[in-house]
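At position 48 of the sequence shown the residue is numbered 106 (the working numbering), and the sequence of numbers has no breaks.
A portion of the hints provided could be inaccurate.
[To be verified] Ranges of calculated distance between the beta carbons of each label pair, as one might list FRET restraints:
no.	residue 1	residue 2	range
1	211	158	43 to 49 Å
2	253	139	43 to 49 Å
3	139	297	50 to 56 Å
4	193	132	42 to 48 Å
5	133	107	19 to 25 Å
6	91	132	49 to 55 Å
7	222	285	36 to 42 Å
It is worth saying that the hints were derived from the structure and are not from the lab.
The beta-carbon is built from N, C-alpha and C at its ideal position, and this holds for glycine as well.
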Amino acid sequence: MIEDMNDIDNQLKQARALDKQGYKYLAEKDFDGAIMSFYKALQIRQNIFGEDYEHLSLSYRNLRRVFYQLDNKQILIDIQLKCVDLLIKEYGEEYRLLVYYYKDIGSLYLSIENYQMSLEYYRKALFLNIEMYGILNRLTADLYSEIGRLYSCEQLKDFDESIKAFMKAHSIYKELLGEEDHQTVERRNEIIKIIELYIRDHKEYFAELISVFIKAHSLYERLLGTNNDLTAQIRKQTNKIIDIAKKHKSSPDLLRIHRSRRRSIGKRQ
């Protein structure tokens, strides 16, 4: 037994020596040498401890350092996924450290433009963080913001989900940091930006919406009269929508008709 313990101690000393050698190679930008040293150290630890995360985590951190410098995102993802597997086996699926691994994996997938996988891991991080720390949490707000940006990208383009995510982030920042904090203001501006993107992406629908409002105004005017409060309210909304449509150049022919209609509306005010 003593011989076994001595053998393990010698192997661990060898692993530490390989780590030290790997740091030296890394400082010299000898990435191949660093990778070889760190992998050898990892193999020694695996032979002694099996798939025990606590004992392997140092080797995985060292390998991440190399591949971050090499900007090899796919291998970084593979390393992080391996760490996730080890953590789940050892501590279960609700271990707090998983939140940060999921967030990092989401960010890595985003950097290689795999938007669907990025969304999946940001959502994993969000749900676990809410379960552990609740809604009113800074990281929860940050994750809602990341998800909002993902849903607004060209590849996913789900403006409804994007607005929902940004609104949740905004409400959390507002509660935690206040109405005028820059994070709260930024989320508010992002919501406005997404709404404008939605309008530009749905010009035909938007033009139909204007027609509906104008017809509604005519109906209110005919039934309730020009000076009725409800007529005035729908008139105000109609004019506001026409202004936004003009800003985003929705259907020029339709806008000419509506401008003519708006002048007639204005004369009756």
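Hints versus structure:
1. 211 / 158: 43 to 49 Å: The hint (43 to 49 Å, Cβ to Cβ) is violated, given that residue 211 and residue 158 are roughly 23 Å apart.
2. 253 / 139: 43 to 49 Å: violated (36 Å)
3. 139 / 297: 50 to 56 Å: holds (54 Å)
4. 193 / 132: 42 to 48 Å: Violated - the Cβ-Cβ distance for residue 193 and residue 132, about 34 Å, lies outside 42 to 48 Å.
5. 133 / 107: 19 to 25 Å: Holds: the Cβ-Cβ distance is about 23 Å, inside 19 to 25 Å.
6. 91 / 132: 49 to 55 Å: At 21 Å between Cβs, range violated.
7. 222 / 285: 36 to 42 Å: holds (38 Å)
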